[in-house]
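Construct all of the structure, not just a fragment, from the sequences and the given hints.
Each chain, written out:
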Amino acid sequence: MDFETVIGLETHVQLKTKSKMWCGCANEFGAPPNTHVCPVCLGLPGVLPVANEEALRLTALTGLLLNGTISPQAKFDRKNYFYPDMPKNYQITQYDRPSSVGGYVDFEFAGGITRVRLTRSHLEEDVGKNFHFERHSGVDFNRAGVPLLEIVSEPDLKSADMAYEYLNALKEILIHGGISDCDMEKGMVRCDVNVSVRPKGVQELGAKIEIKNMNSFSGVRRALEYEIPRQIEVLRNGGKLTQETRRWDDAASVTESMRTKEMAHDYRYFPEPDLMPFVPSKDWLEEVRRRVVELPLARKQRFMHDYQLPASDAETFKNEIRLGDYFEATAKQAKHPKAVANWIINNLRAKMGETLTSLDELKFNPASILELVELVESGKISTKIAQDVFGEMFASGERPGAMVDRKGLAQVSDTSAIEKFCDEAIAGNPKVADDYRAGKAAALNFLKGQVMKLSKGKANPSLVGEILERKLGRNSSNGKSVHR
Amino acid sequence: MPNRLTISELTAKLGQREVSAREAMESCLRRIHRTDRTIKAFLSIDENDSVAQADAADEALRHGANHQEQPLLGVPVAVKDVIAVRNQPLNCGSKVLGHFRSPYDATVIEKLRTAGAIVFGRLNMDEFAMGSSTENSAFQVTQNPWDPSRIPGGSSGGSAAAVVADDCLAAFGSDTGGSIRQPAALCGCVGLKPTYGRVSRYGLVAYASSLDQIGPLAKTVRDAALLLRVIGGHDRRDSTSIPEPVPDYTARLDGQIKGLKLGLPKEYMVGGLDPGVSQAVRAAVEQLQKLGAEVVEISLPHTDYAIAAYYIIATAEASANLARFDGIRYGLRVDANDPIELYCRTRGAGFGTEVKRRIILGTYVLSSGYYDAYYLRAQKVRTLIRQDFLNAFEKVDAIVTPTSPTAAFKIGEKSDDPLQMYLMDIFTISANLAGICGLSLPCGFTKNPKLPIGLQLLGKPLGEETILRIAHAYEQSTSWHKEKPGL
Ligand SMILES: [Zn+2]
Numbered sequence: 001m002d003f004e005t006v007i008g009l010e011t012h013v014q015l016k017t018k019s020k021m022w023c024g025c026a027n028e029f030g031a032p033p034n035t036h037v038c039p040v041c042l043g044l045p046g047v048l049p050v051a052n053e054e055a056l057r058l059t060a061l062t063g064l065l066l067n068g069t070i071s072p073q074a075k076f077d078r079k080n081y082f083y084p085d086m087p088k089n090y091q092i093t094q095y096d097r098p099s100s101v102g103g104y105v106d107f108e109f110a111g112g113i114t115r116v117r118l119t120r121s122h123l124e125e126d127v128g129k130n131f132h133f134e135r136h137s138g139v140d141f142n143r144a145g146v147p148l149l150e151i152v153s154e155p156d157l158k159s160a161d162m163a164y165e166y167l168n169a170l171k172e173i174l175i176h177g178g179i180s181d182c183d184m185e186k187g188m189v190r191c192d193v194n195v196s197v198r199p200k201g202v203q204e205l206g207a208k209i210e211i212k213n214m215n216s217f218s219g220v221r222r223a224l225e226y227e228i229p230r231q232i233e234v235l236r237n238g239g240k241l242t243q244e245t246r247r248w249d250d251a252a253s254v255t256e257s258m259r260t261k262e263m264a265h266d267y268r269y270f271p272e273p274d275l276m277p278f279v280p281s282k283d284w285l286e287e288v289r290r291r292v293v294e295l296p297l298a299r300k301q302r303f304m305h306d307y308q309l310p311a312s313d314a315e316t317f318k319n320e321i322r323l324g325d326y327f328e329a330t331a332k333q334a335k336h337p338k339a340v341a342n343w344i345i346n347n348l349r350a351k352m353g354e355t356l357t358s359l360d361e362l363k364f365n366p367a368s369i370l371e372l373v374e375l376v377e378s379g380k381i382s383t384k385i386a387q388d389v390f391g392e393m394f395a396s397g398e399r400p401g402a403m404v405d406r407k408g409l410a411q412v413s414d415t416s417a418i419e420k421f422c423d424e425a426i427a428g429n430p431k432v433a434d435d436y437r438a439g440k441a442a443a444l445n446f447l448k449g450q451v452m453k454l455s456k457g458k459a460n461p462s463l464v465g466e467i468l469e470r471k472l473g474r475n476s477s478n479g480k481s482v483h484r
Numbered sequence: 001m002p003n004r005l006t007i008s009e010l011t012a013k014l015g016q017r018e019v020s021a022r023e024a025m026e027s028c029l030r031r032i033h034r035t036d037r038t039i040k041a042f043l044s045i046d047e048n049d050s051v052a053q054a055d056a057a058d059e060a061l062r063h064g065a066n067h068q069e070q071p072l073l074g075v076p077v078a079v080k081d082v083i084a085v086r087n088q089p090l091n092c093g094s095k096v097l098g099h100f101r102s103p104y105d106a107t108v109i110e111k112l113r114t115a116g117a118i119v120f121g122r123l124n125m126d127e128f129a130m131g132s133s134t135e136n137s138a139f140q141v142t143q144n145p146w147d148p149s150r151i152p153g154g155s156s157g158g159s160a161a162a163v164v165a166d167d168c169l170a171a172f173g174s175d176t177g178g179s180i181r182q183p184a185a186l187c188g189c190v191g192l193k194p195t196y197g198r199v200s201r202y203g204l205v206a207y208a209s210s211l212d213q214i215g216p217l218a219k220t221v222r223d224a225a226l227l228l229r230v231i232g233g234h235d236r237r238d239s240t241s242i243p244e245p246v247p248d249y250t251a252r253l254d255g256q257i258k259g260l261k262l263g264l265p266k267e268y269m270v271g272g273l274d275p276g277v278s279q280a281v282r283a284a285v286e287q288l289q290k291l292g293a294e295v296v297e298i299s300l301p302h303t304d305y306a307i308a309a310y311y312i313i314a315t316a317e318a319s320a321n322l323a324r325f326d327g328i329r330y331g332l333r334v335d336a337n338d339p340i341e342l343y344c345r346t347r348g349a350g351f352g353t354e355v356k357r358r359i360i361l362g363t364y365v366l367s368s369g370y371y372d373a374y375y376l377r378a379q380k381v382r383t384l385i386r387q388d389f390l391n392a393f394e395k396v397d398a399i400v401t402p403t404s405p406t407a408a409f410k411i412g413e414k415s416d417d418p419l420q421m422y423l424m425d426i427f428t429i430s431a432n433l434a435g436i437c438g439l440s441l442p443c444g445f446t447k448n449p450k451l452p453i454g455l456q457l458l459g460k461p462l463g464e465e466t467i468l469r470i471a472h473a474y475e476q477s478t479s480w481h482k483e484k485p486g487l
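Which chain is which? The protein sequence lines are U and W, in order. Heads up: the first sequence at position 363 corresponds to 363 in this note's numbering, and the numbers run straight through without jumps. Heads up: the second sequence at position 15 corresponds to 15 in this note's numbering, and the numbers run straight through without jumps.
Hint data in this document are derived by calculation from the structure and do not stem from the laboratory. Wrong hints could be hidden among the right ones.
[What the hints assert, rightly or not] Covered by chain W, according to a simulated footprint, are these stretches of chain U (three or more residues, beta-carbon under 8 Å): (1) 44 to 58; (2) 221 to 234; (3) 270 to 279.
Since the model is a prediction, treat every value here as computed from it, not as a measurement. For every residue, glycine included, the Cβ atom is placed at its ideal position computed from N, Cα and C.
Following this line, the structure appears as structure tokens:
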């Protein structure tokens, strides 16, 4: 019997806000324990939460980026459970009226574009972090009250790899949209997985098993790579699966049972009386809408389509947004955008990396890149000279055309001048010339090199080849088709 | 003795330099030393701090500060143990907070300080404001100043007793189902529960967040009006506070109520109402008519469901609000081997019987499978009750009722019967569910023994001006507020 897998993901992402969700404390990672705390986020008696406007905006923005519907009235609820890292012993979250409903994520998978539908995206608060020492435990509340966005997918995922790619695509969107830095090391993204298997062709879902405690996307993939065969194995052996929560042990690479359905928490959700329902106004929504950016996948596809770039170049410009924007600003006026892309990716990007220079610090403007490409394409300078011109332009900011003129770098395409250099090279290296005549084709390269040297690199290389071949008597039959 | 004055009288004397803030404060402290050993209204007093605040007020007065800008300059006011005052104990009448001191001031305390008040003392209360007699305090039983064998009402029993005993010029309490109005009635002072959202709840330890309001207990209606003006207003730290300007509630206390329409809810004049109370309230209504008010009968048809709805909503919210008292971060901790055991031991030792009863009830009504039948239905009832009042206020300017069905009962009389105790709030609870304003003022005494009776005026949302005006007109035409217990 064949089995199929059904996976749904709940992804928690820390929002990129200056302050926490309900108070003015800094939303900042890495400070000494309990230094970003106040009466509100410590849950002292008598305090009240006040919603962070930017977190509400980022939540709505996420909804728009993920093609969801922004709720005309969102509300907050209390989720009750006791845990030492929870200052109030209830978490403020959104239960039945989340900020954003529905939506989907499109991403590249298995050579095509795959769509995973979303159930909802809602706002909630993070909790503190427990530490266990030899004889006692401690709680750091710096993270308590940090705004968290929970993005819940429909059970549309079918494999560990697909889950992995979905998470990467989601992360990319959130980083692009300025929603979160998604820094895994800093715990900014966490996810829970729901997975079940069923015999192919069966309609109803198998027993839903939740896996917790993965702290990386590859952890999610590995947990699923373990869990899916485990479940299939149980069914194959005639066993029965029951709803439960399992914990991923990364070191041992196994999942183990945490609690069964009978032990499941009753969170006793009810509307948070300390906060008013949130009703976004038209103006407010318009303001958020203005912050919507192009999604990474759409950007990649557009770069491939509009500028005829290969996927690899488009991928670079998708990931490196500012470089991509720089390319676009330049390429709009270019005859061959691909040539511009080559210069930007291979030369500019490398040079910026070497010299730790940012795009803002460039001494030349994008028009100079166009000018350089034009100089090469028109044959005015060779690719090799162009490299030198670029180097100087990068250092000084001088316009490449002006530099070529000032330094007399224009390629020599004057046949008579090149002929003179060729004669000189043949005369100076009679032995090599003979070798060539005797059929040693490689000897021509040496002579070409000599001519380039004599011309100080300015001779048009294709003309040099043609003329040398003619002078050494091996020309014309196929010579004209060799060069561009 | 300055402690026996009203705020208006004291500020006039302070302004004339007939008396100093120091003298006012010290007279309060002397009074407390003399009478509070038996009354037991105060849980603690930081005397040095009180006197230092008084000296600062005198200093300000010497440098030209005045009561136009700081209407409470040099006025000693005391605070229920549920409102956070920086560096002062905050116990909420419970053992569970241990030696906790608040690191911050509630918004109302900030406002009182800005207005120049001397904020002092921690007043006794039912634990976490759950109760109607102050007997649920974990620390002491407060006596009614009119009869030491009787309760002062609750949960702000300490606040009402202190005001009536002249321990302070006024006090602050909190009202979730009648906790300001009912003790004000039973002790014989004015108690005002503002419209929900009129006063910031920031710094008020929550019992039931959607019902709680802070309000003043005062010797006269004018004092209550002045105090509301000081503490009212929008607060960006409380999302549920109303962004409406605060009127000068004292400006229209002119005794004129001619043409105002008062409603008498037929559902309120029913069985269980003490004959003495009934009689006093009827006499008060006649007096209001004499003053020119028109009285009509109205109906609040969902009244019977108010107590049930209240005990579902309030306990549900309380079950979450009180979850933070767990022994992890502050307050009492009874150590154990794991967190669950620590919670159980700490909360088991820290909370009293009534608090545990309400936490369990609230947990139950929110439980999966019961939520719709209890919590959701109670919210629907709440909406109907609010609608009852809004309909009534289409026809009348205010509603008149007794504050409490009986005068103060004996200490211990209802301790074993929570349902009887809950019925003490039958006339006050609906105002919290509806979110409207209400006040209680003295309207007479029972004959034997002589115990105060309270008249309740209920007003529309943000209708404090109207009920204060009516209350003031009534008060000025009677002398009940001038009677003092023989302490
Ligand atoms: Zn904070």
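Hints, verified against the model:
no.	hint	in the structure
1	44 to 58	holds (count 8)
2	221 to 234	violated (count 0)
3	270 to 279	holds (count 5)
When each numbered hint is compared with the structure, a violation occurs for hint 2 only.
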